[in-house]
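Could you put the whole structure together from the sequences, leaning on the hints where they help?
Single-letter residue listing:
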Amino acid sequence: MAIQDLFFYLFAALTLLCAFLVVANPFTRNPVTSAMFLVLAIISMAGLFVLLHAFFLAAVQVLVYAGAVMVLFLFVIMLLDLKEEVRRHYKTFGVVTGLLSVGALAAIAVRAIWTSGVGAGLQPQAEGATRPLGKLLFTQYLLPFEIVSVLLLVAMVGVVLLSKKDLK
Amino acid sequence: MHLTPVGLEHYLMVSAVLFCLGALGVIMRRNLIVMYMSLELMLNAANLALVAFSRFNNSLNGQVMVFFIITVAAAEVAVGLALIVALYRKRQTAHVEDLTSMKL
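Those sequence lines, one after another, are chains C and B.
Under the numbering used here, the first residue of the first sequence carries the number 1, and numbering increases by one thereafter.
Under the numbering used here, the first residue of the second sequence carries the number 1, and numbering increases by one thereafter.
There may be inaccurate statements among the hints.
To be verified - Listed next, the stretches of chain B that the computed footprint assigns to chain C, with coverage defined by at least 3 CB atoms under 8 angstroms from CB atoms of chain C:
| hint | region |
| --- | --- |
| 1 | 7-20 |
| 2 | 24-36 |
| 3 | 54-67 |
| 4 | 73-87 |
Because the hints were derived from the structure by calculation, they are not lab data.
Note that the structure is predicted; figures quoted are calculated from it, not measured.
The beta carbon of each residue, even a glycine, is placed where N, CA and C say it ideally should be.
Dropping the structure here:
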C-alpha cells in the first residue's frame, strides 16, 4: 500500500470523526467544542485536498474556513450567552426520525457510489497548482470572479447594516 | 491488511458520509449556531466531491467552482451570523424551538 493511500485513510477517518463530534458529541453539547472540532475537520479536509493535488484550495481552505469563518463563529458564540443550550435535552422523536432518514440517505448514497463504478479506469491527473488555476480564473471565469467580488461587497454592507443597534 | 488503491469512489464515499453527518446535525440539533456549523459541513462535503471529480477527470473547472463556493460560503456565514445576532438581540434566544411566532 502506497504512503498516499495510508494518508488518505488517516485524513478521511480524522475528518469523519471530527465531523461526528461537531454534530453529536456524547460528552458535551457546548457550541465552542463543536466549533473547535469543526476547525479540526476542516484542517484534515485540507489534508485530503493536498492528497488530491489541489494545493491552492488546501491553502484557501485553511485560511478562509479555519481562519476567517471560524473566528466569526467563535466571536458570535462569545457574544451570545449560550449556557442554556447545555441544559437542553434532545427530543427523542427528532433524534429517531433524523437518524432513520439520514441513515437511509447514507445507505443509498454509499451503495450507489460503490456499485456505479464511477471511478473505473480514471487516473488521477489534474494538478491544482496556483498558476493554472489563476490563469483559468482570470480568463474563462473572469465575469463570475468580478460578480463574486460585488457579492462580497453586498454581504459586507448587509452585515454592517444588520449589526446596527437600532435596526429600522 | 489488504485495501484497494484509493480511487474516485473512496473520496466520493467520504464526501457522502460527511454530507449525511451534516444533514443529521441540521435535523437533530436545535441550536441555530450548531445547525449553521452543520450546514458548513455539508458545503464542505460538496467541495470535496468537486475536487475529487476535478482531479480524476483532468479538468480544473471543478476546482474553480470550489473556489467560488468557498467565497460565497464566507459571505453567507457573515450575513447569517449577523442575522442570528440581530435575532438574539430581539428575542434573547438562539434556539429554534423558542422561535415560533409565525406558528398559527
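Report task. Mind listing which of the numbered hints don't hold for this structure, in increasing order? Result -> Hints that this structure does not satisfy do not exist here, as all of them hold.
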